[in-house]
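Please take these sequences and the hints and turn them into a complete structure.
Number of protein chains: 2
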Amino acid sequence: MATIESVVVPPQSGVAVRVPEGAALRITDREGQQVSDMFAVFSDLSDFLSARTSRAASWRLFPKVGDPFVSVNYRPMFLFEEDNTPGAHDLLAPPCSAEMYELLGSAGYHPSCSDNFRAAAHSVGWNPEVVPDPVDWFQNTPVDGAGQISVRTALTRPGDSVTLRALADMFVVVTACSMDLPDKKINGDSCTSIGVEVIA
Amino acid sequence: MATIESVVVPPQSGVAVRVPEGAALRITDREGQQVSDMFAVFSDLSDFLSARTSRAASWRLFPKVGDPFVSVNYRPMFLFEEDNTPGAHDLLAPPCSAEMYELLGSAGYHPSCSDNFRAAAHSVGWNPEVVPDPVDWFQNTPVDGAGQISVRTALTRPGDSVTLRALADMFVVVTACSMDLPDKKINGDSCTSIGVEVIA
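Residue numbers (my numbering), protein chains in the order written: chain S, 1 to 200; chain L, 1 to 200.
In short, the hints are calculated from the structure, not lab data. Model, not experiment: these values are computed from the prediction. Careful: at least some of the hints might be erroneous.
Said to hold, decoys possible - Simulated coverage check for chain L against chain S, where a stretch passes if three residues somewhere in it have a Cβ under 8 Å from a Cβ of chain S:
(1) 50-64
(2) 68-75
(3) 95-107
(4) 121-131
Claimed, not checked - DSS-like cross-link-like pairs, simulated, lysine-lysine; straight-line CA separation at most 25 Å:
(5) K64/L to K185/L
(6) K64/S to K64/L
(7) K64/L to K184/S
Heads up, the beta-carbon is just placed ideally off N, CA and C, and yes, glycines get one too.
Here it is in structure tokens:
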């Protein structure tokens, strides 16, 4: 077990890392209560991670240890191996975007997981037409049996993490979510950083 | 009130219709227990309907009368105006696809909402990189409070329908879902047709 790469995603930004088949990917909420969107593409850019097909692969809205993550065309990408958090994660929310912040009344340009994804993905040659549906690590937006979604603050404590096993060679984009509007405190009182480690 | 267009979508197929701003779009389950996937794009092809942003616009997994349907970039497309069904519809399921049927063990080529979407959308010049996330009318796949998804047969009776108000000029693709595998009876015992009317 050796760390191949260890990076810190600064608040309200995103990074791309290369993850070889068989490696572990660990995503850490360094300061607590911080959501992190994850996107992934096969290294030949042929197909990418999809929350909608991953939900259909597990028949679950919220991922648990043992669940697979698959691509748009159902090709295996990751296995969810370890969860050192209170367990709230999300496969439903769209990535936040400049258009969403504008609609929510934010003045001027607002950073977003969509724009941070675009920049990081572009750096490895990945330029999809539409920002893919992400896995929202640490996001605490439960639903009730009637399908009503609640927007709550992440439950994670400083240092909480998830670990995935890579089932193929991939590029992975990880963001530290940019949401800081006072009535949508999914990230608590302020946006903080996210740690990313690739371990083989 | 005059019907501009009235078409029948044959079993396991799809059609594209033009829907002008202000018109009503009625989708009818002609024989009962038949799911219908709906996709829509602005007539200038600039942006298209998204289930993920529509869920975030209503904070609901399952659409109800009064809910909006919006595009990837949150532009208003439809208002859900009338529901003449028992009320089960879905904003979660991916469109069925050839890859999904292959994975489920179906022998040889199987028709799918994805391929039927591609063909119908192509006929109006719409060729998105990835098949968009659809609104699954009449689909009965409820979730529980723990986020577990159940796969059940549609509750619709012959002639049940939904009516939407178009908030822009659009092309709309409607499919009659192709799922006929014996352990996934979302469409009951056989795949049947769907009615589509545009009324202004």
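Structure-based check of all given hints:
| no. | hint | verdict |
| --- | --- | --- |
| 1 | 50-64 | holds (count 9) |
| 2 | 68-75 | holds (count 3) |
| 3 | 95-107 | holds (count 4) |
| 4 | 121-131 | holds (count 3) |
| 5 | K64/L to K185/L | 24 Å, holds |
| 6 | K64/S to K64/L | 29 Å, violated |
| 7 | K64/L to K184/S | 24 Å, holds |
Checked against the numbered hints given earlier, the structure breaks only hint 6 and satisfies all the rest.
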